[in-house]
Amino acid sequence: MTSISLKVNGKAYEIEAEDDIPLLWALRDHVGLVGTKYSCGIAQCGSCTVLVNGVATRSCVMPAKSLGDAEIITIEGLAENGGKSLQEAWVEHDTPQCGYCQAGQIISAAGLLKSNPNPTDDEIDTAMKGNVCRCGSYVRIKAAIKTAIKKGGVIA
Amino acid sequence: MTKINLSRRGFIKVTGLAGGGLVLGFHWTGCTPVRPAEAAKVVLEPNAYIKILSDGMVTLMSPVPEIGQGIKTAIPMIVAEELDVSWDNVSVEQAPLAPDLYKRQSAGGSQAIRQLWTTVRTAGAAGRRMLMEAAAREWKVPIAELTTSEGVISHEKSGNSIGYGDIATKASDIEVPEEVTLKDPKDFKIIGTSPKNVDVNDIVEGKPLFGMDMKKEGTVIAMITHPPAFGMKPKSVDDSAARAIPGIKDVFTITTFPEDIETRWSGNNAFPELVVVTGESTWNVMKAKKALKIEWETVTPGENTEDHITEMENQISGKMTKPDRIDGDPEAAFKKAAKVIERTYSAPFLPHNTMEPMNFYANVTGDKIEFEGPTQTPQRLRDITAQIMGIPEENITVNILRAGGGFGRRLYGHYGVEAAMISKKINAPVQLIYTREDDMTQGTYRPDYRVRYKAGIDADNNLIALTVSGTGTNGGPVASNRFPAGAIDNYAAKNYRLKSNISTGAWRAPRSNFIAGAEQSFLDEVAEACGKDPMDFRMELFERAKNNPVGEKNDYDPDRFIALLNLIKEKCDWGNEGEGIHRGISAYYCHNSYIAQVIDVEMKDSKPVLKKAWCAVDCGIVISLDGAKNQVEGGIMDGIGHAMYGNITFNEGVIDQQNFDKYRLIRHGEGPETIETHFVDNGIDPTGLGEPAMPPVPGALANALYRATGKRLYHQPYILELGETEIKLG
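So the protein lines, in turn, are chains F and L. Under the numbering used here, think of the first position of the first sequence as 1, with each following residue one higher. Under the numbering used here, think of the first position of the second sequence as 1001, with each following residue one higher.
What the hints contain is simulated information worked out from the structure, not anything from laboratory work. Check before you lean on any hint, since a few could be wrong.
[To be verified] Distance windows between CB atoms, simulated:
hint : chain 1 : residue 1 : chain 2 : residue 2 : range
1    : L       : 1188      : F       : 152       : 34 to 40 Å
2    : L       : 1605      : F       : 20        : 40 to 46 Å
3    : L       : 1673      : F       : 66        : 34 to 40 Å
[Said to hold, decoys possible] Computed list of chain F residues with no C-beta within reach of chain L, every gap over 10 Å:
hint : residue
4    : 5
5    : 12
6    : 13
7    : 55
8    : 62
9    : 65
10   : 66
11   : 71
12   : 115
13   : 116
14   : 117
15   : 119
16   : 125
17   : 149
18   : 150
[What the hints assert, rightly or not] Below 30 Å or equal to it, Euclidean Cα-Cα: the simulated DSS-like pairs (lysine-lysine) are:
hint : chain 1 : residue 1 : chain 2 : residue 2
19   : L       : 1186      : F       : 114
20   : L       : 1216      : F       : 65
21   : L       : 1611      : F       : 146
22   : F       : 151       : F       : 129
23   : L       : 1728      : F       : 129
24   : L       : 1207      : F       : 146
25   : F       : 65        : L       : 1207
26   : F       : 129       : L       : 1612
27   : F       : 129       : L       : 1216
28   : L       : 1207      : F       : 150
29   : F       : 129       : L       : 1196
30   : L       : 1207      : F       : 151
31   : L       : 1607      : L       : 1571
32   : F       : 146       : L       : 1612
33   : L       : 1662      : F       : 129
34   : F       : 7         : L       : 1207
35   : L       : 1249      : F       : 65
36   : F       : 129       : L       : 1207
37   : L       : 1215      : F       : 65
38   : F       : 151       : L       : 1196
39   : F       : 150       : L       : 1612
40   : L       : 1249      : L       : 1235
Model, not experiment: these values are computed from the prediction. C-beta: ideal position from N, C-alpha, C; glycine also.
Can you make the complete structure from the sequences, with help from the hints?
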């Protein structure tokens, strides 16, 4: 067990956990934020996506102790960190079906819009390809991203 | 208007001022109404579906598990309609398992709306009637002079009006009415509209909703390890390395389904003996699970995909004996036919791959069990646990949580039983979590299927004979009384089955998910051989089934099919698809709903690109319009993804694809750019939509890809037939 410092949604946390714990399980089991989801554990589905210094990152394979004082934003902190328009657009399009993957989808979209505020359709597809939606809500996710862009996108 | 006589069974009698106040939250997204700061109290519960609050707000209970099909929105919409309240004043709660109060608490077979339609309308209407009776008594006027609208009762003559919240306090002694009148569908204000999914705000804010998210004080994390191959069981366990990992509490073996227990269909699974690791946190337990050294032994031989294909081919290629249905004399018709076409279609095993892996909470204390988690069949979980563990059913509670996908996988409650047995063994509350690998390799898979169609066409290009022989692991896919039965003079159908030690089960639209695509691909090829437009050809068959049906047990209504085809024909402007667009059509009936689809493909750099999908739906009255469209869109993506890429293969009982690095799911940019859905407006009582939009998809897709590429597709995954040598990740 080791002591790991994390900065999540603007708040500092000090956790006692396994030396090699991935950020996903540090967030879910130790910080107590469960909006970030486990699904594959090998960075193939995107359900666990968080922003690390503004970059969409798969938390299931990211060692928590490697993050130092990096700014981590999870779905719980997205609204006050520039992502509210995305969440509102997701609601406007009534995007989710089961909803389990959607936090990861929204965070990936936030990462995209932070680096590329006005992406083309192909750029959206490419940036979002790592996020699987088993219910197949892809058409609505894309529409929601476009709506969010129209309404001001993501404030960095 | 429909009058319904109420049996009192199933409705709780009024209990005035029941329950305490509710803790009411509000959302910044503003789609859920903002509640007053002080919590309003429940003042009346006319029945198990309805709670009237003192401020006039209404809490509606949703009895059916929500797995992404939108039932938690749709059922309360129906209650709210008949109760006659504004949807803005409604909040929804998931009911726990309470089979005495709710008629059916199961998410399966696309049956919830169909089977609960009248029950939940009646519940809403009974609540409205009781409030009206209280108002009539209060004002001393005949009830017939009262009207309701959006939660307010009015008496026009006197000018009196009162809100439900106010009159509810005076309705606590009103008897449950003996008869209620249901609304005329033309007066519906909520049914047919598009409110947002009731959980959408919580979902986009990342609130804890799912079984995986629940953290109860003192809960121990548990994981299981099952044999690496079907046909094996554990022989010995070396747990020394696993126990050495910090935070690990225990390692042991459980037998969930003893051999002398006869379980019903949803209870059992292929691996009754499991090795269990328990510990303080998920990561520790995952590591310990990897550190286990287990020796396995073979009970029955491990199977191979190739052997399945060979055996299934043998089953369907022989002469058909004792068909499940026969009309006329197909063999004689084939002999005199001008053309005979024979084609074989197949599809592999598929895993469900819900994004949320299997998990469940159980707390066994003495002879009581408290369950919580995602399940499609809470009652079966309770029944099977009671049977196996010898605990009285009434001592078992099941709290139903929103499921991160179902698709049939959560019909099988073995993971709940496992959680309970682990809890009993360690005498602590347990959260059992499957890893993705556990989930994919301990499946109740969509069976692998193989089917052979044969058609005879006469010199005038009429289809005079059709036979179909199908097989699959643990059961064949052929529905012998469905279309095209009834439309062809000489017809025969037969199912075979392949016995296997691989566990299979219901997977979104069981059997239909394969046979619809095979049939619709075959009919497309037959239409071409007849020199007929594929839409006209289908219409001709439906007209035949309507005007002069063959046989009596035809399990579909040709009139509804005809109306459906006419709708999609008009909406997609059939025949005028435009330059460079290649079109495929498909239509199928299952789960009591009718679906037609058209898929448009365009060739870009010699590769087919899916441009648009059109869907016509006849599921009767549509409850939640946008929610219904969402189901259709998902069904189309699902159908395309699995037909193109889905593939589970076995090698000596071991699954070759154990996670998403080897198993390809459809991803962004791979489905159609747009999906347009239209509903037949016929006022028929509603049927379900969770499953039926998926089955026709592989047919429409194969038919469109044929026109685009010149290649007919017979064997899923289609990507291997389109020239790819392996299934790379997208």
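Structure-based check of all given hints:
For the pair residue 1188(L) and residue 152(F), the supplied restraint of 34 to 40 Å holds, since their beta-carbon distance comes to about 37 Å. Evaluation of the 40 to 46 Å hint for residue 1605(L) and residue 20(F) yields a pass: the beta carbon distance comes to about 44 Å. Taking the beta carbon of each, residue 1673(L) and residue 66(F) are about 39 Å apart, inside 34 to 40 Å as hinted. Every beta carbon of chain L lies more than 10 Å from that of residue 5(F), the smallest distance being close to 18 Å; the non-interface claim holds.
Separation of residue 12(F) from chain L is adequate, the least Cβ-Cβ distance of about 20 Å exceeding the 10 Å criterion. For residue 13(F), the shortest C-beta to C-beta distance to chain L comes to about 15 Å, beyond the 10 Å cut-off, and the non-interface label holds. Look at residue 55(F): its CB is around 18 Å from the nearest CB on chain L, clear of 10 Å, so calling it non-interface holds up. Every Cβ of chain L is farther than 10 Å from the Cβ of residue 62(F); the closest lies at roughly 13 Å, confirming the non-interface assignment.
Residue-level check passed: residue 65(F) sits 12 Å from the nearest beta carbon of chain L, beyond 10 Å. Residue 66(F), annotated as away from the interface, keeps every beta carbon of chain L farther than 10 Å; the closest lies near 15 Å. Once the 10 Å rule is applied to beta carbons, residue 71(F) is consistent with being away from chain L; the minimum gap is 17 Å. In this structure residue 115(F) is separated from chain L by more than 10 Å, as the shortest Cβ-Cβ distance comes to about 17 Å.
A cut-off of 10 Å between C-beta atoms confirms that residue 116(F) is not in contact with chain L; the least separation is 15 Å. With 10 Å as the threshold on Cβ separation, the claim that residue 117(F) sits away from chain L holds: the shortest Cβ distance comes to roughly 19 Å. With 10 Å as the threshold on Cβ separation, the claim that residue 119(F) sits away from chain L holds: the shortest Cβ distance comes to roughly 12 Å. Distance check for residue 125(F) against chain L: the nearest CB is about 3 Å away, which does not clear 10 Å, and the non-interface claim fails.
Its beta-carbon lying about 16 Å from the closest one in chain L, residue 149(F) satisfies the requirement of being farther than 10 Å from that chain. Annotated as non-interface, residue 150(F) keeps its C-beta farther than 10 Å from every C-beta of chain L; the closest such distance is 17 Å. Straight-line distance between C-alpha atoms of residue 1186(L) and residue 114(F) comes to about 48 Å, which puts the hinted pair past the 30 Å bound. Proximity of residue 1216(L) to residue 65(F) is assessed by CA-CA distance (about 26 Å); at most 30 Å being required, the pair is judged to hold.
A C-alpha spacing of about 18 Å is found between residue 1611(L) and residue 146(F), which places the hinted pair at or below 30 Å, so the restraint holds. Using a Cα cut-off of 30 Å, the hinted pair residue 151(F) and residue 129(F) holds, with the two alpha carbons roughly 23 Å apart. Of the supplied pair hints, the one linking residue 1728(L) and residue 129(F) holds, its CA atoms being roughly 14 Å apart against a limit of 30 Å. The straight-line distance between the Cα atoms of residue 1207(L) and residue 146(F) is roughly 24 Å, inside the 30 Å bound, and the hint therefore holds.
Restraint check for residue 65(F) and residue 1207(L): satisfied, since their Cα atoms lie roughly 26 Å apart, inside the 30 Å limit. The hinted pair formed by residue 129(F) and residue 1612(L) meets the criterion: a straight-line CA distance of about 19 Å does not exceed 30 Å. The hinted pair formed by residue 129(F) and residue 1216(L) fails the criterion: a straight-line CA distance of about 35 Å is larger than 30 Å. With a CA separation close to 26 Å, the supplied pair residue 1207(L) and residue 150(F) stays within the 30 Å bound.
Taken as a hint, the residue 129(F) and residue 1196(L) pair is honoured in the structure, with Cα atoms around 26 Å apart against an allowance of 30 Å. At most 30 Å may separate the alpha-carbon atoms for a hinted pair to count; residue 1207(L) and residue 151(F) meet this at roughly 24 Å. With a C-alpha separation of about 27 Å, the suggested pair residue 1607(L) and residue 1571(L) falls inside the 30 Å cut-off, and the hint holds. A threshold of 30 Å between alpha carbons decides the hint, and for residue 146(F) with residue 1612(L) the separation of about 18 Å falls inside it, so the pair holds.
Straight-line distance between C-alpha atoms of residue 1662(L) and residue 129(F) comes to about 16 Å, which keeps the hinted pair within the 30 Å bound. Restraint check: the Cα-Cα separation between residue 7(F) and residue 1207(L) comes to about 20 Å, which is no more than 30 Å; the hinted pair holds. With a CA separation close to 25 Å, the supplied pair residue 1249(L) and residue 65(F) stays within the 30 Å bound. The suggested pairing of residue 129(F) with residue 1207(L) holds, with an alpha-carbon distance near 24 Å, which does not exceed 30 Å.
At most 30 Å may separate the alpha-carbon atoms for a hinted pair to count; residue 1215(L) and residue 65(F) meet this at roughly 24 Å. Between residue 151(F) and residue 1196(L), the direct Cα distance comes to roughly 20 Å. Compliance with the 30 Å bound is thereby established for this hinted pair. Under the criterion of a C-alpha separation no larger than 30 Å, the hint pairing residue 150(F) with residue 1612(L) is consistent with the structure, at around 24 Å. Between residue 1249(L) and residue 1235(L) the CA atoms are separated by roughly 22 Å; this keeps the pair inside 30 Å, and the hint holds.
Of the hints listed earlier, those the structure fails to meet are numbers 16, 19 and 27, in rising order.
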